[in-house]
Every structure is written in structure tokens, then in C-alpha cells.
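S.K.: Here the protein sequences line up with chains A and B, keeping their order. Just so it is clear: in the first sequence, position 26 is 26 by this note's numbering, and no numbers are missing. Just so it is clear: in the second sequence, position 102 is 102 by this note's numbering, and no numbers are missing.
Calculated from the structure, these hints are not laboratory results. For each residue, glycine too, the CB sits at the ideal point set by N, CA and C. It is possible that some hints are incorrect.
Label pairs and their computed distance ranges (CB to CB) [said to hold, decoys possible]:
id	chain 1	residue 1	chain 2	residue 2	range
1	A	Thr-15	B	Asn-55	46 to 52 Å
2	B	Pro-113	A	Lys-65	45 to 51 Å
3	A	Val-54	B	Asp-77	44 to 50 Å
4	B	Leu-74	A	Lys-18	33 to 39 Å
5	A	Arg-116	B	Pro-113	29 to 35 Å
6	B	Lys-79	A	Gln-3	26 to 32 Å
7	A	Ile-12	B	Asp-57	36 to 42 Å
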Amino acid sequence: EAQVTQNPRYLITVTGKKLTVTCSQNMNHEYMSWYRQDPGLGLRQIYYSMNVEVTDKGDVPEGYKVSRKEKRNFPLILESPSPNQTSLYFCASSSKSYPTGQGDWDTEAFFGQGTRLTVV
Amino acid sequence: RKEVEQDPGPFNVPEGATVAFNCTYSNSASQSFFWYRQDCRKEPKLLMSVYSSGNEDGRFTAQLNRASQYISLLIRDSKLSDSATYLCVVLYAGGTSYGKLTFGQGTILTVHP
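Modelling step: build the complete structure from the supplied sequences, incorporating the hints.
M.R.: The following block contains the structure:
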């Protein structure tokens, strides 16, 4: 079964205590990314990876780190969490887009179930 | 200007109604287009891809106008189970951001009896 697995699902932590949210996919996808979702702001991309050892900043990268040492894993690291990083986080993976043969391109992104993080 | 903009909503419609969502995107290098559905605080799931020729999946019809950079989703004969947030999603295929998905803020749909 195609799956993106995030852990933990829920986490309450204190300011400044380093944490890692893991993300793993079993579809051999090249692309993986992290998003945070906040009320009124929608899904915003934090970091993005096109393949192993290739990562790029998204729209809101400050305060986060990522690594992509293996194709299946893409952990999100908060070195010194702060209360403004309290949010719902999603990991996603997708394959390279492919032509549909009618001038369009297609792909599908699969999301993990989310991690609800509270920093106090 | 946001890269992907959707109708702010929320939409509150009775069962059986037809409802339409609109979305515009600003980056002409955008390659692929999608509608995702998100139930309350759960992960987004693909509803349908959007193709230039328009495409239909049961009660759902999606259309794309590349010249106007506009995407739409039509839901006919709304069901209670259609209540969710609908996300317009664009895949950018230019430069170093190849493969980046950008989301609209989402439109909340509530279908009532």
C-alpha cells in the first residue's frame, strides 16, 4: 500500500528543546516536502527535496532544517523550537510528473497523516 | 499577489445544489494543476487532476484555462459527504523549484440537509 508515514502524530514540547519529526515513504518517489498548516494561512511549504542530498528552501524555512540521506526518508528538524512553530505539519511525496499525451502533465502527491506540534 | 488564489468562501449549500469553485495562478511556468480535498485537520487527498481539455469524474468537473491562468471545479448534486475544504494546487516546473507544489488557501464547503 502506498504510504507516507509521519511520526509522531502529536507532540507537546518546550521552547528550545530540539526535536525531529520523521517522514518515510514507500513509493520510491523522488520528491518530498514539508508543509505547515495554520488557520487562515493555508498550507505553506517549509522545505523541499528533489532527490537524495538535494534540498531547497520553501516559503517558510526559518527555524527548520531537513536532510535527505536516503530516498525514502525526509526528517524535519527543529533545532530550537519556539511557540510560533506550533502548527500542524504535513510531509508529502510525489513522483516526477509525466506527460499525459494530450499536452498536460500529471503526478500525484501523497501526504502523511500530519503531526500536531505544540511548543510551550 | 499570492501564487495561487481561491474563492475565499465559505460555501454553505443544501444537498442537491451545484457549487463552483474558482482558482487563479500567477506563474505562467506552472505545469500541472489539481484539486485536493481536505477533511477537518486531516491530510489532503487528491480529488482530481485538471487537464486542458477539461475532465469529469462523476459529479465533479474540472476545467483549466491556461491563457487566463484559471482553474475551476464544479460539483453537481452535492452530498453531505462533500463537506470539506477544497484546495487548488499548482505544480511549478521552472528553474530550481522544479516539482514544487503550491497550494491555494482552500475553500470550505458545507453541505446541509
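S.K.: Verify the CB-CB distance for Thr-15 (chain A) and Asn-55 (chain B) against the hinted window 46 to 52 Å.
M.R.: holds (48 Å)
S.K.: Honestly, do Arg-116 (chain A) and Pro-113 (chain B) meet the 29 to 35 Å range at C-beta?
M.R.: The hinted range 29 to 35 Å holds for Arg-116 (chain A) and Pro-113 (chain B), with Cβ atoms some 31 Å apart.
S.K.: Cβ-Cβ distance between Leu-74 (chain B) and Lys-18 (chain A): within 33 to 39 Å?
M.R.: The hint (33 to 39 Å, Cβ to Cβ) is violated, given that Leu-74 (chain B) and Lys-18 (chain A) are roughly 47 Å apart.
S.K.: State, for the Cβ atoms of Val-54 (chain A) and Asp-77 (chain B), whether the hinted interval 44 to 50 Å holds or is violated.
M.R.: Holds - the Cβ-Cβ distance for Val-54 (chain A) and Asp-77 (chain B), about 45 Å, lies within 44 to 50 Å.
S.K.: 36 to 42 Å was suggested as the range; check whether the CB atoms of Ile-12 (chain A) and Asp-57 (chain B) agree with it.
M.R.: This hint holds: roughly 40 Å between Cβ atoms.
S.K.: Is 45 to 51 Å a correct range for the gap between the Cβ atoms of Pro-113 (chain B) and Lys-65 (chain A)?
M.R.: holds (48 Å)
S.K.: Does the Cβ pair Lys-79 (chain B), Gln-3 (chain A) satisfy 26 to 32 Å?
M.R.: Hint holds: Cβ distance 28 Å, inside 26 to 32 Å.
The structure fails hint 4 only (numbered hints given earlier).
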